[in-house]
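Undergrad: Dock chain to chain to rebuild the complex, using the hints, since each chain is given by itself in its own frame.
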Amino acid sequence: MNAEPMNVTGEPMTGKGEVLLAVENVSLRFGGVKAISDVSFDIRKGEVRAIIGPNGAGKTSMLNCINGFYHPQEGRITYKGARRDKMKPHRAAAAGIARTFQNVALFKGMSTLDNIMTGRTLKMKRGFFWQALRHGPAMQEEIEHRRVVEDIIDFLQIEHIRKLPVGKLPYGLQKRVELGRALAMEPELLLLDEPMAGMNLEEKEDMCRFILDVNNQFGTTIALIEHDMGVVMDLSDRVVVLEYGRKIADGTPDQVKSDQKVIDAYLGVAH
Amino acid sequence: MFYREAGQFKSTYAADMAVFPIRQDRIGIAVILLLAFVGVPLIGNDFFTSTVMIPFLVFSLAAIGLNILTGYTGLISLGTAAFMGVGAYAAYKLTTFFPGVNIIVLVLVSGLFSAAIGVLFGLPSLRIKGFYLAVATLAAQFFLQWAFVRVPWLFNYNASGAIEVPQRLFFGIPVTGASASPETRYFVCLVLVVVLTWFASNLVHGKLGRSWMAVRDMDIAAELMGIKLLNAKLLAFAVSSFYAGVAGAMMIFFWYGGGEAADVFNIRLSFNILFMVIIGGLGSLIGSFFGAAFIASLPTILKFGLPALGVPLSGATAEHVTFMLVGALIIVFLIVEPHGLARLWQIGKQKLRTWPFPY
Numbered sequence: 052m053n054a055e056p057m058n059v060t061g062e063p064m065t066g067k068g069e070v071l072l073a074v075e076n077v078s079l080r081f082g083g084v085k086a087i088s089d090v091s092f093d094i095r096k097g098e099v100r101a102i103i104g105p106n107g108a109g110k111t112s113m114l115n116c117i118n119g120f121y122h123p124q125e126g127r128i129t130y131k132g133a134r135r136d137k138m139k140p141h142r143a144a145a146a147g148i149a150r151t152f153q154n155v156a157l158f159k160g161m162s163t164l165d166n167i168m169t170g171r172t173l174k175m176k177r178g179f180f181w182q183a184l185r186h187g188p189a190m191q192e193e194i195e196h197r198r199v200v201e202d203i204i205d206f207l208q209i210e211h212i213r214k215l216p217v218g219k220l221p222y223g224l225q226k227r228v229e230l231g232r233a234l235a236m237e238p239e240l241l242l243l244d245e246p247m248a249g250m251n252l253e254e255k256e257d258m259c260r261f262i263l264d265v266n267n268q269f270g271t272t273i274a275l276i277e278h279d280m281g282v283v284m285d286l287s288d289r290v291v292v293l294e295y296g297r298k299i300a301d302g303t304p305d306q307v308k309s310d311q312k313v314i315d316a317y318l319g320v321a322h
Numbered sequence: 013m014f015y016r017e018a019g020q021f022k023s024t025y026a027a028d029m030a031v032f033p034i035r036q037d038r039i040g041i042a043v044i045l046l047l048a049f050v051g052v053p054l055i056g057n058d059f060f061t062s063t064v065m066i067p068f069l070v071f072s073l074a075a076i077g078l079n080i081l082t083g084y085t086g087l088i089s090l091g092t093a094a095f096m097g098v099g100a101y102a103a104y105k106l107t108t109f110f111p112g113v114n115i116i117v118l119v120l121v122s123g124l125f126s127a128a129i130g131v132l133f134g135l136p137s138l139r140i141k142g143f144y145l146a147v148a149t150l151a152a153q154f155f156l157q158w159a160f161v162r163v164p165w166l167f168n169y170n171a172s173g174a175i176e177v178p179q180r181l182f183f184g185i186p187v188t189g190a191s192a193s194p195e196t197r198y199f200v201c202l203v204l205v206v207v208l209t210w211f212a213s214n215l216v217h218g219k220l221g222r223s224w225m226a227v228r229d230m231d232i233a234a235e236l237m238g239i240k241l242l243n244a245k246l247l248a249f250a251v252s253s254f255y256a257g258v259a260g261a262m263m264i265f266f267w268y269g270g271g272e273a274a275d276v277f278n279i280r281l282s283f284n285i286l287f288m289v290i291i292g293g294l295g296s297l298i299g300s301f302f303g304a305a306f307i308a309s310l311p312t313i314l315k316f317g318l319p320a321l322g323v324p325l326s327g328a329t330a331e332h333v334t335f336m337l338v339g340a341l342i343i344v345f346l347i348v349e350p351h352g353l354a355r356l357w358q359i360g361k362q363k364l365r366t367w368p369f370p371y
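Sequences listed follow chains H and G, in order.
Okay, so the first sequence: first residue is 52 according to my numbering, each after it adds one.
Okay, so the second sequence: first residue is 13 according to my numbering, each after it adds one.
For the record, the hints were derived by calculation from the structure and aren't laboratory data.
Using N, Cα and C, we set each Cβ at its ideal position, and we do this for glycine too.
Heads up, none of these hints are tricks.
Chain H stretches covered by chain G per the calculated footprint, using a threshold of three residues with CB under 8 Å from any CB of chain G:
1. 135-146
2. 149-156
3. 175-182
4. 187-198
Residues from chain G that keep clear of chain H, each with C-beta distances beyond 10 Å, as calculated:
5. A18
6. L54
7. F59
8. L120
9. L124
10. P319
11. E331
12. L341
13. E349
14. I359
Chain G with its partners taken away, still in its complex shape (with noise of 0.2 Å):
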């Protein structure tokens, strides 16, 4: 009843081609985004910001990355998590070589690290499609993780293997390191996704978005559109991988605070990320925040909620139970609804739409 757009007239092009045409999606983003910055800092407690709403943006950053690829442009990649480690390893080396430069501005040019070592896996993909690139990106993982273990300039020469996040400032606040508070690494990748979303939905909106998904659907008719498909290709695969980057290295910046990234960025890590945008919805961005959402936070929630609602359950107890429940639940939702949760919602807006009246 309240979501209808009867009324809303368009006289322009250009408002007929935003993005949120409608108006009550605008207010419903607007609401999201007012929640995301005020609301969470002042009901969620520490515990709950760094452990449900840091890695529920660092994932779906990095799903954003993998759908512009395989949902955008029909490009399967198993190579996410070694393109996230990029990313980590630039930024950490980016750190140690330039100490005096913004950490922000450090983690977004360690994205563009990760998107030349993304152009170079993703050669092969002009010659080779589906499982086969599978295959090849796979090779990517195996490699980039190899690196990552044996070359020790990666991580300084340290002898634990491990990137040690230095503590950095951000207008006299720390944003990295042991004294930042879990708000400050919250509000920092929360900028961060939502200004590189925005670029992202600008760029599927536009020209280089529709290359892409003409590539996808139908690559000898884009091709005769003027579409060169290398090109195309390279680009969604450069684009993929600066999100996967950036989102590794606010993994190990904002999220872990160091660790060893080797064991973080390793083929279950790629595995997640694929099933984020499979069940999230390929070719939707905000499919891309549903399936973050539920493949990252519901293990989480299910972990804590469950004894929280009265279930009884002891430590190991719970991650096996969480385990099984997500793993149907994937099944189910694959059953119910295989575009995706994405499309499960855009159904229940068309049900509302026509409410009560559906005919």
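Bound conformation, chain H alone (with noise of 0.2 Å):
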């Protein structure tokens, strides 16, 4: 990893595609509050980036502003080329951006399977009065994509959890619930919020076996945002480091580890 060639920028190449999403001089704020202060990082096809920092760092903010929910006053957003700067959620959910929570956001009055199922909404056309007749081409589309949720429910190993409501299991499988939901949508980029915050190891282990799965076997480009420093180093290719809204680094795991503002800003500096 450490022998990476370098481009003109002096950024690592990390041998991985082109830019699949670029922010740029991105600030966003709320009334006073800047919660993103001029902040620029891309985001590679088919790598691993992570986004850490302290809490309150802009982490979450960052996510929100790449998949709609936040439009940031300053800087700009290009995805795939295209650049999008109001783009609404179900907008960027068709250019092929999921997400995860940091607080599960599961639809808890629906089993496992409808869950997942809700993640192909996006990839079924019948309409509104082949839906009400639920018979010939409704009922083929819904088996082809039952299909495909079977395939994620057995790659994430929650076969016994199929028909239950969500609401009712236990944290870490609501979790694996929730990535299960995203990988139905076929995303090119998937967002992860702290997929693996409040997990205990084993639950952790199995997270990132199934994170580097989808990025390895589904060519998912992946962001995420994780205080497991342990997870962060092992999964990421590039990491880009938060502070109070700015970027204070970015690069390789062990270029990030070693920058003395990534250290200061998590131990502290002494006065």
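TA: Below is the structure:
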């Protein structure tokens, strides 16, 4: 990892594909509070990109900008070569950006199966009247997508909770179902907001394995926020570090680990 | 012992996704339909058919409509009665304009008018939620009820201000008007309710139903799945109001046989239907039937059943006692099972499955 070629700007090339998403000079304010100020970084195709930083650094706000919940006042976000400033979340979904949440945001009243099936909504095309009949093409479509969903359920090893309402599942499994729901969208860019928060060691290891498998098998580009440094350093190709809404470091895990500003941000500075 | 799915293996996804995957349930539904189509007309007398069964069917349909909106999509509406009224008046105007068209077609088409009005009053739902939306739909209730009285065009300028249901034939048999027999009217209602319930069941089990429930459970995540919130909510309003409109048209044409509709489609009716949905079970179609049976039929059954059991009650007292009993029962049911009769039914089925070894 250390002997990587550098590009003109001095950033490391990871050997992965071209830039999928570029964030340039983005600033986001809520009234007088600056959540993000002048942050730029990019996410390349096929990589695992980690966004880390102390609490309140603006990591989740960054993800919210990327998938269109927030619209930054300044700067621009380019996805797949096209600039998009005021994109709505459902448009971002259609463009292939999926996401999981820090606090599990599952559909609590629905079963695991229905939750993951909801991830297929955009891919299902049959109109209202076929839906009302639920026969012929509508049923075929439903079965077709059920097959894909069953593959995801197999992949995540949650066969046993297929028909249970997700509200009653243990936390670790809920996180896994949420990942499954995001995967069902067959995203190009998968945003994971603290996928391992509140998990025990075994669950964390499982989740790491799933994230790496998703990256390897489906070639999905992944951007993740995580506080467990061990996980971040092992999983990610490149890491961007935020503090108080500013970018303080960007590079491979090794580079970031030895960066004095990062060490200061996490450990504090002697005054 | 008899209600057990052991040995019923499903080898296709189609079989697994069926609405009634368990054989005993399918038999149960077949028995209920047989009873409804053959049993009730054979056993029930005219009085039972017209004062218990027809109201039950009409309210069930209205409750299904509101359940799609409130139970499945999570949007509270207090304007159900107004939307029912739109259906009734639309059906009346349509029979005036197109006397030659089959009345059942007209009743269904009048649902479309109600759906359009429903969408109009559903527009604020993107911005406002919960109690505030309830108040916004309350505006629909008051405005439409006002229109039913003040716009004489709606009731063809007749002096009484009432809808006069004309006699219409269906294959030579009168289905509306004074000479339509209760059995005929019951059959028409039953067929409409069965077909529309089947459609509703298909909708809520498919992509649309999942979108609605996703909007209800976590609208942010739903938007992220690519569901357009406004479209999903307005579609829920449209479908819900369609069902309410058809129920309203059925109410006037097949049950009341006319009447001053502004008095019928009042806020009390809206509340009654909301109670049916809450007591029956939010987000459950079968709950809508339970709720309708409970709220609509119980007073009638108590009123005529108590004297029949030998409890001597005069007309007015009977009515008051009925009110008190129904009120008490509502409270009891909500304490015992806040998720409604449908959940009670599910728990019962679950118990039955494991009986007699419940561990």
